[in-house]
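J.: Chain by chain, the residues run as shown.
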Amino acid sequence: GPRRPPARSPRAPKSLPGVERGPGCARGLGTALSPVLSGACPQGSRAEAEAMEKELLEDYRFGRQQLIEIWGHACAVAVTKAFPLPSLPRRQPTLLVACGPAQNGAIGLVCARHLRSFDYEPTIFYPKRSPDPLHRDFTTQCEKMDIPFLSYLPTEVQLINDAYNAVVDAVLGAEGTEGTAGTEPCAAILATLRLVRIPIVSLDVPSGWAAGPGGSGDISPDVLVSLAAPKEVARRFQGRRHFLAGRFVPEELQRKFGISPREYPGSDCVVAL
Amino acid sequence: MPGPRALLGLGLLVAAARAGGRCRERGWSWSWNRSWNRGWERGWERDRCLPRRAMHSPGTARPGPAGLRFLGQEEAQAIDQELFTEYGFSVEQLMELAGLSCATAIAKAYPPSSFTTSQPAVLVVCGPGNNGGDGLVCARHLKMFGYQPTVYYPKRPNKPLFEGLTTQCKKMDIPFLPEFPAEAEFIDELYGLVVDAIFGFSFTGAVREPFGSILSTLERVTVPIASIDIPSGWDVEKGKADGLQPDMLISLTAPKKAAMHFTGRYHFLGGRFVPPALQEKYALNLPAYPGTDCVLQLT
Chain A
1 GPRRPPARSP
11 RAPKSLPGVE
21 RGPGCARGLG
31 TALSPVLSGA
41 CPQGSRAEAE
51 AMEKELLEDY
61 RFGRQQLIEI
71 WGHACAVAVT
81 KAFPLPSLPR
91 RQPTLLVACG
101 PAQNGAIGLV
111 CARHLRSFDY
121 EPTIFYPKRS
131 PDPLHRDFTT
141 QCEKMDIPFL
151 SYLPTEVQLI
161 NDAYNAVVDA
171 VLGAEGTEGT
181 AGTEPCAAIL
191 ATLRLVRIPI
201 VSLDVPSGWA
211 AGPGGSGDIS
221 PDVLVSLAAP
231 KEVARRFQGR
241 RHFLAGRFVP
251 EELQRKFGIS
261 PREYPGSDCV
271 VAL
Chain B
1 MPGPRALLGL
11 GLLVAAARAG
21 GRCRERGWSW
31 SWNRSWNRGW
41 ERGWERDRCL
51 PRRAMHSPGT
61 ARPGPAGLRF
71 LGQEEAQAID
81 QELFTEYGFS
91 VEQLMELAGL
101 SCATAIAKAY
111 PPSSFTTSQP
121 AVLVVCGPGN
131 NGGDGLVCAR
141 HLKMFGYQPT
151 VYYPKRPNKP
161 LFEGLTTQCK
171 KMDIPFLPEF
181 PAEAEFIDEL
191 YGLVVDAIFG
201 FSFTGAVREP
211 FGSILSTLER
221 VTVPIASIDI
231 PSGWDVEKGK
241 ADGLQPDMLI
251 SLTAPKKAAM
261 HFTGRYHFLG
271 GRFVPPALQE
281 KYALNLPAYP
291 GTDCVLQLT
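Taken in order, these protein sequences are the chains called A and B. So in the working numbering the end of the first sequence lands on 273, straight run, no missing numbers. So in the working numbering the end of the second sequence lands on 299, straight run, no missing numbers.
What the hints contain is simulated information worked out from the structure, not anything from laboratory work. In this text, a Cβ means the ideal position worked out from N, Cα and C, and glycines have one as well. Be a bit skeptical, because a hint or two may be false.
Computed cross-link-like contacts, DMTMM-like style, restricted to lysine to aspartate or glutamate with a CA-CA straight-line distance of at most 25 Å [stated by the list, open to error]:
1) B/170 / B/92
2) B/281 / A/137
3) A/144 / B/92
4) B/159 / A/59
5) B/159 / A/263
6) A/144 / B/74
7) A/81 / B/293
8) A/144 / B/173
9) B/170 / A/132
10) B/108 / B/219
11) A/54 / A/162
12) A/144 / B/280
13) B/170 / A/137
14) B/108 / A/251
15) B/257 / B/235
16) A/256 / A/55
17) B/108 / A/53
18) B/159 / B/173
A short, non-exhaustive set of chain B residues, derived as facing chain A with CB atoms under 7 Å [to be verified]:
19) 87
20) 88
21) 167
22) 220
23) 275
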């Protein structure tokens with residue numbers, strides 16, 4: 001059944017007559033039996049992530065751009081916690097942000113822009129641009145922040161190792177299936193990422209992992225930033241730091257999807273797991 | 001063909017080499033070393049040799065006025081427009097970041113433990129425009145930070161952005177009052193803080209009802225008031241000596257001239273999204289935000 005609310009959650013304030021309360025205020029299972037509670041979506045699965053996103057967009061009326069902004073910002077904050085500016089080995093705080101053609105890539109673009117405002121020096125590699133106007137806007141915003149876009153990714157991996165402190169992997173997310181991971185340009189990017197010696201920060205899902213256990217063919221990120229809740233594939237993660245960017249998830253959705261409540265430090269939007 | 005920015009970059013490159021070459025994180029941010037090693041980056045689509053905000057490096061020359069700039073109303077509107085038209089931002093995006101800044105500033109100055117009410121109850125009064133939207137985002141983040149916000153939102157624009165923000169709040173169990181508390185004393189009793197999200201930098205002319213009465217009541221409230229961007233009812237440039245006297249002001253993007261008349265305890269800067277090129281264009285001279293914080297305490 002649904003988990004009990006965490007003790008720190010304030011009790012509902014006394015109602016004044018006529019005070020409007022949204023449908024979310026009614027305790028209980030909600031109007032329709034959710035796929036999660038009916039057992040149709042295993043926890044951490046792609047289906048569950050999609051169900052939550054759908055509910056955020058349709059029931060909670062979040063905007064898609066708003067959500068991507070929230071996620072990208074949180075990912076940038078996590079990157080700064082994993083790689084604080086003074087700790088970077090190179091003289092310049094350079095980062096390579098590899099962005100795929102779908103939503104994970106858009107999150108990477110927003111992440112790059114916030115990293116730039118945090119005084120890092122991101123460089124973006126975004127070879128297959130989505131025609132989605134939303135993604136085009138994110139691209140413009142990065143360009144106007146003077147973030148360079150690489151024309152091509154060198155196959156000489158040593159050049160990447162020498163130039164950047166870390167790589168942000170925003171190539172494929174939960175949508176990365178056997179099909180997409182194997183197509184260009186993602187396949188080439190992943191082939192290069194498998195060989196880099198600098199740390200990789202993966203956003204939500206290490207690219208290519210969602211396609212199924214790849215064994216030695218998988219990339220090995222140093223840091224993982226899970227969005228909303230860790231995905232199933234995160235169980236295979238063996239890197240140094242795992243962050244959860246889940247503060248934005250409304251309490252009702254946390255209960256519904258069985259997400260354990262976490263204490264976030266201060267007003268931080270991410271927490272180290 | 002390198003543009004003027006690249007030439008400027010090269011000129012500074014020489015200066016830095018003479019100065020010992022170490023490029024500090026917050027100062028001139030490029031490195032000749034870097035360009036030399038990574039020849040393929042000459043295939044960049046954008047010129048990279050843009051010096052970053054010099055004002056963050058003590059000892060380097062500061063272009064333009066030395067101090068933080070306070071904007072006039074037209075300037076503030078021009079910057080806002082430029083963010084949307086030139087820089088490709090959406091209102092939705094910037095409103096999210098602005099509201100987060102407001103909630104974060106409030107959390108710094110008025111932590112939940114500092115409230116004398118039994119719960120950290122906050123009244124968020126939202127006006128009919130974008131300032132009200134900032135208030136809705138702020139309320140949602142305050143809820144996530146452990147506060148108990150209540151919203152009063154009498155005039156709601158018929159637009160998906162505001163309807164969406166309202167739904168997000170309601171679905172997160174944030175109550176919306178049907179009526180404004182009749183007396184200042186009721187507000188003082190029920191809430192430990194009031195967030196004034198009524199009017200922002202676009203405000204001109206007379207205050208229309210119901211906001212006139214609301215502001216009269218708020219002027220008699222004794223709990224702290226945190227105003228978003230401009231204390232409501234104030235002239236955006238000249239202030240209003242007999243108007244609302246908030247305890248906190250969260251200036252968004254850059255402070256407006258009205259902020260020079262602010263006498264409350266806390267003045268924060270928020271809205272950490274202004275691209276460096278825009279900051280330079282308007283010579284905003286924004287001080288550096290600490291770390292990854294989305295707010296900066298000015299006083």
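J.: So which of the earlier hints does this model not fit?
T.: 5, 8, 9, 11, 13, 17 and 22
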